[in-house]
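Protein chains: 2
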Amino acid sequence: MAHRLAVLDRFYSIIPAGGIGSRLWPLSRADAPKFLHDLTGSGKTLLRATWERLEPICGGQRIMVVTGRAHRAAVEAQVPELADKNVVLESEPKDSSAAIGLAAAILQQREPDVIVGSFAADHVISDQRGFARAVSEAVVAADAGYIATIGITPTEPAIGFGYIHADGNLNIQGAPSAVRADRFVEKPDLAVAKTYLADGNYLWNAGMFISRADLLLEQLGESQPDLLSGILELAQAWDTPSRGAVVDKVWPKLTRIAIDYSVAEPTALKGKLAVVPGAFDWDDVGDFAAIAKLHSGGRKSDLAILGENARVLADASSGVVVSQSGRLISLIGVEDIVVVDTPDALLVTTSANAQRVKSVVDALKLSGRNDIL
Amino acid sequence: MAHRLAVLDRFYSIIPAGGIGSRLWPLSRADAPKFLHDLTGSGKTLLRATWERLEPICGGQRIMVVTGRAHRAAVEAQVPELADKNVVLESEPKDSSAAIGLAAAILQQREPDVIVGSFAADHVISDQRGFARAVSEAVVAADAGYIATIGITPTEPAIGFGYIHADGNLNIQGAPSAVRADRFVEKPDLAVAKTYLADGNYLWNAGMFISRADLLLEQLGESQPDLLSGILELAQAWDTPSRGAVVDKVWPKLTRIAIDYSVAEPTALKGKLAVVPGAFDWDDVGDFAAIAKLHSGGRKSDLAILGENARVLADASSGVVVSQSGRLISLIGVEDIVVVDTPDALLVTTSANAQRVKSVVDALKLSGRNDIL
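In the order they appear, the protein sequences are chains A and B.
All letters in the first sequence, in the order written, are residues 1 to 373 by the numbering used here.
All letters in the second sequence, in the order written, are residues 1 to 373 by the numbering used here.
Bound-form chain A, shown alone:
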């Protein structure tokens, strides 16, 4: 126990706050990405809720946020406690390997034996204790030399998430539930998802990675040497007056790759990926169907209403309404409907079509309608 506490003292959280959340358009926009919205009706944005979930674990002085320059003010407004030195601004998005890798490299520069954990800014978890327990086991597993992830125990044959296959206990002192993860699998179809659920050794990939910073960077260097050298050059200059010049030079060349591919999968193949099963609720709220489900508790007949001052008059209708325009919204006899009402764009679809929202965003991009994205 004393050991675990000592290990947790070396822990630092990284929150990559990027990603617009295209499937949540027109609610999520380039200038109002998903993490800046309250999708749960809690009164807190997802970013704020993420901060408040991590703060009791590592303390507010040990949380770093990586975000786009355009979101700096909004992030700081959401998290006024965030220390200046813990804001890493991206000149342009370069995917998760660069974001998390750079944060890890900066932190390791400052604190060589740091253990870092990355947690998306836009996921929903309500079981704080279950989450904290899983994180602390993952930190211990990381200290033992593993790259650790937290895999969510599936409650249904979800087809919207990737899965992690667990294989064999690791017997790590202080991390009794940590097991070896031998492979990642992409989003399955329903038949396959059902076999995963029945199998019992498949967990949802929640994209949380906890690792000693040095090991994370070592693995990144093995698979992406150019990216690592760029990251190290940035990290060395970060706390010096030459940061700006180095950013201008190095940033544009950083390789875009998800950390799942650059770090997690190669580590799993080597047998060095540990997964701590998390039996807590978790959702990445990837589309409006997820929002509807989150609010209805699975009851098909419910109508979820999001938005301050929402004025909705509904008759024989279910699904989700997001109200941002202040207008009266009237629904009659529409089931599993998705209505997103914003000042300049309106979306009407159904839960079943929620994943197709991205195609509208793509069409708008193609037609140059960036003003509305």
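The reader is advised that the hints may include incorrect statements.
When chains are identical, the list treats them as one kind, so a pair holds in a single copy or across two.
[Said to hold, decoys possible] Only pairs whose alpha carbons sit at most 20 Å apart, straight line, appear in this in silico EDC-like list of lysine to aspartate or glutamate:
no.	residue 1	residue 2
1	K365	D315
2	K358	D336
3	K293	D336
Source of the hints: derived by calculation from the structure; they are not laboratory data.
Chain A is already provided as a structure; the job is to place chain B on it using the hints.
Relative to chain A, chain B alone:
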């Protein structure tokens, strides 16, 4: 033929332009009723189209419009040709017997042998020649002492219209198609509507009544003596300086009753109602399903888009979109949908639920939300 022309010289059209069109909320409002909208995409409001349909028949100097005080400016903007003396303003709505009866009484005062015809301001007819032919037969039938109506030859077993039962030729010189109408029937259910269609002697009640003004008022007096005496008091004062005082005194007491009940049905029972079958297209555009149908020509897969500058991005969707807000409207995978997007209210329903829109309006009324009605 010469006789028919002479008779038509005595003909005057009355356009009662009242009725909000509650089933078309939030497009139709108290301050923007149905007749002030272009529901066909023709570029003309329904009122303007009604005027242009009647003008070739009786001339622009022989059309009287009865409307609410609040709509005077809008009506005059739509019909700048409208003579001042031909605008009858209602202090408050008193239903069709009062509106048409007063217009008839004023006209008869000015021109004792006038034949009047009343035509709703918010119906859609595209076959101008077919319409004009039916009206001229109805005028001749009216001159022969009948109260005449025009019944539309049904093209399908519609459940949204009332029907007129025709029974036996009247052999009126100059009105060869006029037949006796012996009864009106309310909107039927589908099974009954099918028997009407098969029977061949049922016509849609389009609410057009053509009659000598004196006979119309006589019938009104038989069924509604108090209403008639109010109307006559108003008519006598109308073209004099005492109009205002008499309106203030008499108007509030006028009985509210539809002309169908006060005049048409009693006349049918007496065997004095003639109906001229009209084989032209006609629709009262009573709800959004009617609008969808009007635009799609019956093709279920079509998406009708109404509104200047409408910006709609639709994928696998059908039904009708009314755009008044200028916002981008995106539809994905919604069929037979009705989306009405106005600056302060949004309606989402389906064609099948189009008739239920009135219940929303009723609910808003009950909750005192007149600002949005």
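Going down the list of hints, with the structure as the test:
no. : hint        : verdict
1   : K365 - D315 : between (35 Å within a copy, 16 Å between copies)
2   : K358 - D336 : within (19 Å within a copy, 22 Å between copies)
3   : K293 - D336 : within (10 Å within a copy, 25 Å between copies)
Every hint, counting from the list given before, is met by this structure.
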